[in-house]
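J.: Sequence:
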Amino acid sequence: MTKSATTGGSSTTSVRAHGLHSVQKLRGAGIILACCAWACTAGADTLTGNLQSQIQLTAGCMIAGSSGAASGVNFGTLDFGTRPSTFTGTVQASASGGESVSGPTQLVCSPDVLGISIQVGPGNYAGLGGAIGAGTRAMRNGNTAAYIPYDVFRDSGHTQVYPLAAAINGIAVPANGAAFPLPIYGQINKTDPTALPAGMYMDTLQVTVTY
Numbered sequence: 001m002t003k004s005a006t007t008g009g010s011s012t013t014s015v016r017a018h019g020l021h022s023v024q025k026l027r028g029a030g031i032i033l034a035c036c037a038w039a040c041t042a043g044a045d046t047l048t049g050n051l052q053s054q055i056q057l058t059a060g061c062m063i064a065g066s067s068g069a070a071s072g073v074n075f076g077t078l079d080f081g082t083r084p085s086t087f088t089g090t091v092q093a094s095a096s097g098g099e100s101v102s103g104p105t106q107l108v109c110s111p112d113v114l115g116i117s118i119q120v121g122p123g124n125y126a127g128l129g130g131a132i133g134a135g136t137r138a139m140r141n142g143n144t145a146a147y148i149p150y151d152v153f154r155d156s157g158h159t160q161v162y163p164l165a166a167a168i169n170g171i172a173v174p175a176n177g178a179a180f181p182l183p184i185y186g187q188i189n190k191t192d193p194t195a196l197p198a199g200m201y202m203d204t205l206q207v208t209v210t211y
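Using the working numbering, you'd call the opening residue of the sequence shown number 1 and step up by one each time.
Hints listed in this document are in silico derivations from the structure and should not be mistaken for laboratory results.
It is possible that part of the hints are untrue.
[To be verified] With beta-carbon atoms standing in for the labels, derived distance ranges:
no., residue 1, residue 2, range
1, 77, 56, 32 to 40 Å
2, 142, 178, 36 to 44 Å
3, 176, 51, 27 to 35 Å
4, 83, 172, 14 to 22 Å
5, 104, 48, 48 to 56 Å
6, 103, 60, 43 to 51 Å
7, 103, 56, 27 to 35 Å
8, 126, 85, 45 to 53 Å
9, 83, 115, 57 to 65 Å
10, 65, 195, 36 to 44 Å
11, 142, 54, 50 to 58 Å
12, 176, 91, 47 to 55 Å
Think of the CB as a built atom: it goes at the ideal place given N, C-alpha and C, for glycine as much as any other residue.
Please build the complete structure, drawing on both the sequences and the hints.
T.: Structural data, given as structure tokens:
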């Protein structure tokens, strides 16, 4: 009987110990769960406010297709084409290839630019070649030092010549900011039938657009 009682007591003690151990495990798990719940709640907090976006645009003009540089601009070429050295009469040209874009050179101005002024310099040989024909400026054949006079005009009708040392003011621009042809038009008027030396005749004009 004593042995049996002792065995039963040991079993009771073992069950109690196991139960205590289980409770400790459950309590530990409860602590872990509580920590997870706190961490999840803390991560759900928010920070709200406003982020402002802005850009400031300035009024200006540029050659269509260019990067918008204000100096060293390529306004293109007044290309009068190819003629025989014996030609006489008039030949016209308009600015093309500005900023290396094919076709007519075009300007783009912001809508708040109401008008521009353009000054075209005298070039390198102004006043030379007068015996060949009319023109305030001239192109030179680099091989022979021969000249062909020409003029540059504000309008395609060739009625308003750009002065050698002054600008033409009040040139209108589209109100909607659309591109428009650079208003510089060239004309050769060769009146002398004397044949000129063959070769390329060239000049360089400085152009200033003020807006």
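J.: Which hint numbers does the structure go against, in order from smallest to largest?
T.: Numbers 4, 6, 8, 9 and 12 - these are the hints that the structure violates, sorted from lowest upward.
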